[in-house]
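4 protein chains.
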Amino acid sequence: MIIVLDKSATPEQIEQITSKLEQGGYQAHPIFGVEKTVIGAVGVPEEEKPGYVEQFEALPFVERVITILAPYKLAAKAYRPQGSVVRVGDRVEIGGDRVCIMAGPCTVETYEQTMSTARAVKEAGAHMLRGGAYKPSTSPYSFQGLGVDGLKILAEARAETGLPVVTEVMDPRNVELVCQYADMLQIGTRNMQNYDLLREVGNTRHPVLLKRGMWARIDEWLMAAEYIMKGGNENVVLCERGIRTFETATRNTLDLSAVAHVKQESHLPVVVDPSQGTGKWVLVLPMSRAAIAAGADGLIIEVHPRPEQAWKDGAQSVTFENFGQLMREVRAIAEVMGKAL
Amino acid sequence: MIIVLDKSATPEQIEQITSKLEQGGYQAHPIFGVEKTVIGAVGVPEEEKPGYVEQFEALPFVERVITILAPYKLAAKAYRPQGSVVRVGDRVEIGGDRVCIMAGPCTVETYEQTMSTARAVKEAGAHMLRGGAYKPSTSPYSFQGLGVDGLKILAEARAETGLPVVTEVMDPRNVELVCQYADMLQIGTRNMQNYDLLREVGNTRHPVLLKRGMWARIDEWLMAAEYIMKGGNENVVLCERGIRTFETATRNTLDLSAVAHVKQESHLPVVVDPSQGTGKWVLVLPMSRAAIAAGADGLIIEVHPRPEQAWKDGAQSVTFENFGQLMREVRAIAEVMGKAL
Amino acid sequence: MIIVLDKSATPEQIEQITSKLEQGGYQAHPIFGVEKTVIGAVGVPEEEKPGYVEQFEALPFVERVITILAPYKLAAKAYRPQGSVVRVGDRVEIGGDRVCIMAGPCTVETYEQTMSTARAVKEAGAHMLRGGAYKPSTSPYSFQGLGVDGLKILAEARAETGLPVVTEVMDPRNVELVCQYADMLQIGTRNMQNYDLLREVGNTRHPVLLKRGMWARIDEWLMAAEYIMKGGNENVVLCERGIRTFETATRNTLDLSAVAHVKQESHLPVVVDPSQGTGKWVLVLPMSRAAIAAGADGLIIEVHPRPEQAWKDGAQSVTFENFGQLMREVRAIAEVMGKAL
Amino acid sequence: MIIVLDKSATPEQIEQITSKLEQGGYQAHPIFGVEKTVIGAVGVPEEEKPGYVEQFEALPFVERVITILAPYKLAAKAYRPQGSVVRVGDRVEIGGDRVCIMAGPCTVETYEQTMSTARAVKEAGAHMLRGGAYKPSTSPYSFQGLGVDGLKILAEARAETGLPVVTEVMDPRNVELVCQYADMLQIGTRNMQNYDLLREVGNTRHPVLLKRGMWARIDEWLMAAEYIMKGGNENVVLCERGIRTFETATRNTLDLSAVAHVKQESHLPVVVDPSQGTGKWVLVLPMSRAAIAAGADGLIIEVHPRPEQAWKDGAQSVTFENFGQLMREVRAIAEVMGKAL
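Chains as they are written, first to last, in our numbering: chain D, 1460 to 1800; chain Z, 1460 to 1800; chain R, 1460 to 1800; chain E, 1460 to 1800.
Every clue listed holds true.
The calculated DSSO-like cross-link candidates involving lysine-lysine, where the alpha carbons are at most 27 Å apart (straight line), are:
| # | chain 1 | residue 1 | chain 2 | residue 2 |
| --- | --- | --- | --- | --- |
| 1 | Z | Lys1536 | E | Lys1466 |
| 2 | D | Lys1689 | R | Lys1495 |
| 3 | E | Lys1479 | Z | Lys1495 |
| 4 | R | Lys1611 | R | Lys1581 |
| 5 | E | Lys1495 | Z | Lys1536 |
| 6 | E | Lys1495 | E | Lys1466 |
| 7 | D | Lys1479 | D | Lys1466 |
| 8 | E | Lys1689 | Z | Lys1466 |
| 9 | E | Lys1479 | E | Lys1466 |
| 10 | D | Lys1611 | D | Lys1581 |
| 11 | D | Lys1495 | D | Lys1479 |
| 12 | D | Lys1532 | R | Lys1466 |
| 13 | R | Lys1536 | D | Lys1466 |
| 14 | R | Lys1479 | D | Lys1495 |
| 15 | D | Lys1798 | E | Lys1798 |
| 16 | E | Lys1536 | Z | Lys1466 |
| 17 | Z | Lys1532 | E | Lys1495 |
| 18 | D | Lys1466 | R | Lys1689 |
| 19 | D | Lys1466 | D | Lys1495 |
| 20 | E | Lys1536 | Z | Lys1495 |
| 21 | E | Lys1466 | Z | Lys1532 |
| 22 | Z | Lys1581 | Z | Lys1798 |
| 23 | D | Lys1689 | R | Lys1466 |
| 24 | Z | Lys1689 | E | Lys1466 |
| 25 | Z | Lys1495 | E | Lys1689 |
| 26 | D | Lys1479 | D | Lys1532 |
| 27 | E | Lys1532 | Z | Lys1495 |
| 28 | D | Lys1798 | D | Lys1536 |
| 29 | E | Lys1495 | Z | Lys1495 |
| 30 | D | Lys1536 | R | Lys1466 |
| 31 | E | Lys1495 | Z | Lys1479 |
| 32 | R | Lys1536 | D | Lys1495 |
| 33 | Z | Lys1798 | R | Lys1798 |
A short list of chain D residues far from chain R (calculated; beta carbon distances all over 12 Å):
| # | residue |
| --- | --- |
| 34 | Thr1469 |
| 35 | Gly1483 |
| 36 | Arg1546 |
| 37 | Arg1578 |
| 38 | Ser1598 |
| 39 | Phe1602 |
| 40 | Ala1614 |
Calculated directly from the structure, the hints in this document are not laboratory data. Heads up, the beta-carbon is just placed ideally off N, CA and C, and yes, glycines get one too.
Work out the full structure, taking the sequences as your base and the hints as a guide.
Laid out in structure tokens, this is it:
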């Protein structure tokens, strides 16, 4: 921690800081510059008191406080420098030498729609089935998902195709139920900082797909992962799905630099959702290629037998035919990256 | 709904659109321009099928779909053109002729800290006590609040001072419990689209302070209010608390235009949180004045007996003395606006 | 300057940093923490070598470099702690005890339109006349302004009403010409980092209204002022006019916290443009009040005799009648702030 | 154009709109919905009056005006559906079957630095040399470039290596001069809406590299291209270089979806600048691969013999060795895309 003092800080005030630091278990190293005084605080006390850093900022003669250490520990690269591989079901691994493709409908609508999509994506080479049973909808008048009936349909699709299932859980009260049906729990973008939900999935040992909040800086995203891991569940896969910016041509701005940056900062696998990221089916294919080229460990793609009849997000769903094309192109990029599909 | 077709759309495709619209209960009005064909859809079918609008966007020959009607109904100005007044406890009204000041600690730390703050803000003229018992923290290693013990302290402070209490609820499982202690439920910025939580508070009849998501457009904020109102709880007060932008000098960018715009669009009262909005105690006073001048119905202010010892958000908490000054200045602005404090 | 080293940095690498710092005229103060080594650099060399700070960031074992000193000097509060008053024409002062209102058409269209507007705003109490002769337009097919003919009309309006004129200059080749007709030069938002233009107006002694770039952080805005002041022209007035965010209900997001923050950081006067800031005439009045309450030294308002016939920005122009109302309400707020109008 | 009226609009007001439209050369098609009236305007008048669209928005009973036609014509896909190929110098083509790599120093510092870099990037397979002689710097105290001496060094480097040169021009007064030395003119991000400069380069026939404004929506970027093309210079290449968002881990947020989207909307070639886009040399390589996979026609890369001694932007410059690696990896991705390097 570096504390920058106002030009006007008196020796008494500097002393007030250093003694507060020493009481907090830090060693204080003041550096007296020409214009400012800066105090470096060394030492990582076992148990930091709440609000400690902000307390210094509240002092009127403190200009700013700069923290040096990354606030995440379990999610940090140093925790597992070789990188993590998260296992889903019996056969799927995310973060290793194979790119993992999750595909399926935005929303589970009917048995037939889900089953036909599951078969189509399996045939095209997908490794996991995605599909929403509990759907976050901006409008209370929109379809909210089939709930447990949707979970059952997904489980049937898994039984037939062998594809492990990833599906969103929104309510901490449903975590146990969703665990019974799904192989991987998805935390949606709106719930990235729903801490009670994060704690609840942190108490399970189910793999978790943690979508980035559309407002979240990368460090905050990794802190959300830290919440889950602190509960003992280290099976976290990050998912970049676009952030909110001023650009309106795309639904969100897919931040592929974040994929490359996370690979520097964390050992956790990262996948990309170009469907949510762009909101336009015609952009899904190029951004899928780009994601893999940027180093992503996988993709999650919305596929629908007839997007023009989808109950949700038809505009960003690809057809079976387009998905087949996507798989061929992504495979070629993956090979350049030294990975299999 | 206006559907804009690609230049290349054929008569058959136009026919496909119009017949789909008519099956959906709409009347279709095609307008053939020089470069584009545009189809106006009239009629608001009682029960719109899920994903209906997006289905049109999924058609490759559709360029875009523009919705005309605001998606919110209960939150819309037209629902109650004269404006709503939300009553909290026996005596406080928000949205009427009096500006409502909610003040208190960011976080309930101890009995003494809370009680002394409650007394001080009461004496300075505040109408409600704020204070966090359940705290959303970016870090799992930070203080998460005293929980039910915090609620009890708040209730004691109310008993002594008579100030009704507003406090955050984060977990749908805690809504009933928080209702027992608090007079008003706060939905925090991170939970603005936590739909299970919104539904749960919508099932109570407790007044709700709905903070704007730091990523949320104004229409999405009003849709969150719609979720609560649809459950039958119309006692919603909106709270502008800053949005996330590229500016780093302030913690968020407080969007006071949103206050003025919401007054055009909705009948719901709006208050402003300049503490969260700016993150700096020195900016709280000027932004409090500006908020009232923009037409806000109230303020929510973080106050701490000794901000440099606060467990959370000390940097944005004002002292008792500064709060007194704030009350005096806000009172003068309120009078210009024709309101009492 | 604080240099944070990677955990893996070797003693040789630390030595490499310290000797580079010492060659650069700094004293190096290494602090060895538990996890990181941090090197504080003290001393402000007279003539810093170009790219010096970034050179450290280019070293693979350097994690980040934090600069401590504000990069602006002439624009900083410390340069003139009592605040600056900028004089325009014979009688107008910006930054003192009077709020300064600049009003007039977005664009000079005709002699009659400009003259009638000038008379109306003068009568309502405005202190300066605004109006565009050179107009930045997103489209090359839109009206680009009357150019020198527009300047002449503005000069005639000044001759009749006595109101000093502020108008935009976009091209460094036109600075001399615009100086002949106008009392104050406006740098528009798109040109805030047009450095050749800034240098050119810095070579004059005309007062300058420097609008904030819609993408600019506050420190970058102050650096743009520094460019002008470095040329010897210290008559700079800052103008907050909204920044670009994800919100689409307003044309920009008017950042009134920036006004309050600039008052802490700089001695320069700050005015607010609620017309550009919101893009909607109905929001101009409340945001004008809020701006003054936040501490702004003035306003710049678009007024048009018949907004529904304006050649540009009619949607954000107020009528004469609304402007009269605005003046009355702003006057009342100014009085609360201890200022005259 | 679609005009949406307020619920309260009277028949007289509707008539006022339709007659104004007809006077403007449009045909008006009112559609009377259950809640709103919407008026479709058909016909593209030869010469639209300035501010026409905004005039409707200024009417108090108009809720909003939606424009249907894209505002750009020469930059639109329809203008040249097969796509454009821009030729630079004798041998380089951008937009065809070959990916074009522009590489070189951020800033021309010395003859030796420029020459050694030019030789190195040529040897590694680059097609063009980049380098700044006029440098936009946030600080007036920073190095502003060598000016004409820098241009001469670039011309010497071209003479020896045969690589055509791209360099930035910032001041309309320098366009002619820069044309004498450079093969391609760069418009920097800060000047994307510097209309006098755009017009000036539009009057030349030199190819132009038009960087996206860090605040600019894609439609505004294409409108900037339209300014240049309207002058008769159709040799425009777009360059995505990152937009400004709340994320601080990267210098900007590189928007690769914009590349894919522009390929749908425009015939102009698009290249990507991952150096400016990310600000970190370690991210340049993955984002270079991703850009080509997203469909970009080329890259512009900052290369420096010793980034830790660069005068500017050392943090984002790659070494010769890293550039060689970049070329190998980009070549492999280009081949998958069916392109040569």
